[in-house]
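Chains A and B are the protein sequences, given in the same order.
Using my numbering, the letters of the first sequence map in sequence onto residues 31 to 141.
Using my numbering, the letters of the second sequence map in sequence onto residues -7 to 102.
Hint data in this document are derived by calculation from the structure and do not stem from the laboratory.
Glycine included, C-beta positions come from ideal geometry on N, C-alpha and C.
Check before you lean on any hint, since a few could be wrong.
[Said to hold, decoys possible] Derived lysine-lysine pairs resembling BS3-like cross-links, with alpha carbons at most 25 Å apart: (1) A:Lys39 - B:Lys34; (2) B:Lys(-6) - A:Lys87; (3) A:Lys87 - B:Lys89; (4) A:Lys87 - B:Lys71.
[Stated by the list, open to error] Facing chain A, from chain B, some residues (calculated, C-beta under 8 Å): (5) Ser24; (6) Pro36; (7) Leu38; (8) Asn83; (9) Thr94.
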Amino acid sequence: NAGVTQTPKFQVLKTGQSMTLQCAQDMNHNSMYWYRQDPGMGLRLIYYSASEGTTDKGEVPNGYNVSRLNKREFSLRLESAAPSQTSVYFCASRGGGGTQYFGPGTRLTVL
Amino acid sequence: RKEVEQDPGPFNVPEGATVAFNCTYSNSASQSFFWYRQDCRKEPKLLMSVYSSGNEDGRFTAQLNRASQYISLLIRDSKLSDSATYLCVVNPFGNEKLTFGTGTRLTIIP
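So here's chain A without its partners, still in its complex pose (with noise of 0.2 Å):
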């Protein structure tokens, strides 16, 4: 039982550049989320998916599309990276209760 996990751990691009981050769940979970955090602005949403076939745009998403593409992936896709889009991006599914799980980040670097 992995529990969320996400791909790459690294990247660094050049401004334009696009690239999908991606991540999967083995819990089973139908809500899944996509975060990015910047220091001293916490953990926003960029978008989220409540279940297989749905997105909803979260708190910040200009810049940014996703794709839930069964129930255990949703990938989040720069299309054109730019260097305000550098941060830590984390996936998240979300269990009974409320309980959100995180997998271990993804470190964007947009040069």
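Keeping the supplied structure of chain A fixed, place chain B upon it in accordance with the hints.
Structure of chain B alone, referenced to chain A:
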């Protein structure tokens, strides 16, 4: 006003001491409350849920005050391993989204 507010600290506390954090929330409809712990360069992990009657888990005690809209976390007999950032988390009823505070940084000093 932020939805969830915490004192960012840092709190520097000697080993063995008792330390308490408060967190205030603005949405009176909020129904679920949690404390998460985040170690440096790691993901947040659930420390404990917060129940209306208050609850205890070993050295940790969490309390909820709905009238004043705050939750608290008390750590007794603090250990070096308690050094971390503690995140206050609120979930309005029926809402898929959790709202995270920016965290309180705690350092336990030998």
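Hints and how they fare:
Taking the CA atoms of Lys39 (chain A) and Lys34 (chain B), the gap is near 11 Å; set against the 25 Å cutoff, the hint holds. Only pairs whose Cα atoms come within 25 Å are accepted, and Lys(-6) (chain B) paired with Lys87 (chain A) is accepted, the gap being roughly 19 Å. For the given pair, Lys87 (chain A) sits about 11 Å from Lys89 (chain B) by alpha-carbon distance, which is consistent with the 25 Å threshold. For the given pair, Lys87 (chain A) sits about 40 Å from Lys71 (chain B) by alpha-carbon distance, which is inconsistent with the 25 Å threshold.
Interface hint status for Ser24 (chain B): upheld, as the beta-carbon distance to the closest one in chain A is roughly 5 Å, under 8 Å. At about 5 Å, the closest approach between the beta carbon of Pro36 (chain B) and any beta carbon in chain A falls short of 8 Å, and the interface hint on this residue holds. Taken as an interface hint, Leu38 (chain B) checks out: its beta carbon lies about 5 Å from the nearest beta carbon of chain A, inside 8 Å. The criterion of a C-beta within 8 Å of any C-beta in chain A is met by Asn83 (chain B), whose closest approach is roughly 5 Å, and the hint holds.
Interface restraint check: Thr94 (chain B) against chain A, minimum CB-CB distance 4 Å, threshold 8 Å, status holds.
The structure shown violates just one earlier hint, number 4.
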